[in-house]
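There are 2 protein chains.
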Amino acid sequence: MILELADIRIAPGQQADFESAILHGVQTVISKAQGFCGYKINKGIESPERYVLMIFWETLENHTVDFRNSPAFAEWRAIVGPYFAAPPVVEHFELLAKSLSV
Amino acid sequence: MILELADIRIAPGQQADFESAILHGVQTVISKAQGFCGYKINKGIESPERYVLMIFWETLENHTVDFRNSPAFAEWRAIVGPYFAAPPVVEHFELLAKSLSV
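These protein sequences, in sequence, are chains A and B.
Per our numbering, the first sequence runs over residues 1 to 102.
Per our numbering, the second sequence runs over residues 103 to 204.
Bear in mind the hints are in silico, worked out from the structure with no lab data behind them.
Ideal Cβ positions, reconstructed from N, Cα and C, are used throughout, including at glycine.
Any given hint could turn out to be false.
A short, non-exhaustive set of chain B residues, derived as facing chain A with CB atoms under 10 angstroms [said to hold, decoys possible]:
{"hint": "1", "residue": "Asn144"}
{"hint": "2", "residue": "Leu162"}
{"hint": "3", "residue": "Glu193"}
Use the sequences and the hints to build the structure in full.
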């Protein structure tokens, strides 16, 4: 399993609308994508306009090829894109180690 | 529960040594800290010198006050600090939403 980590900055004061939008986008678009395994949406404490979206995919290509080349990518961006203050910074990670409790 | 997200960049070619060190540091120092709930260590795919360390704490202050003011903080930094190419970027997050599967 691969972690997509998207570091998102939104325009000030748009938190409530963005939170509704990202939930809607994840639940209606991303969660139906091939290879989708799960998600977490994290909201910044020190930086209240920062969100870290974590999407777990079966393979790297499920995100970078299958999802990004599908019509779902444009649907997703149409839902969340209007709130972005800058292009999200997106990279992928492998899990090196974790505790039993998380 | 609060997520500490530490975005770490290490010196090139030090991956194997750093991975041993961070595992040792988390298991022997951080996991004994007050309020520690769990951890994940993620290794960058596009950026092989990038690691994202996630530590889950009961409260924000368990990290920012209790841990950082304890002798354990210096112990931890002595173990992992030598590998850092730059000071880690550390912020904290609340969980807004997640799927059942993660």
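How the hints compare with the structure:
1. Asn144: Hint holds; asparagine 144 (chain B) Cβ to chain A Cβ min 4 angstroms, cut 10 angstroms.
2. Leu162: holds (7 angstroms)
3. Glu193: For glutamate 193 (chain B), the interface hint holds, since the closest Cβ of chain A sits about 5 angstroms away, which is under 10 angstroms.
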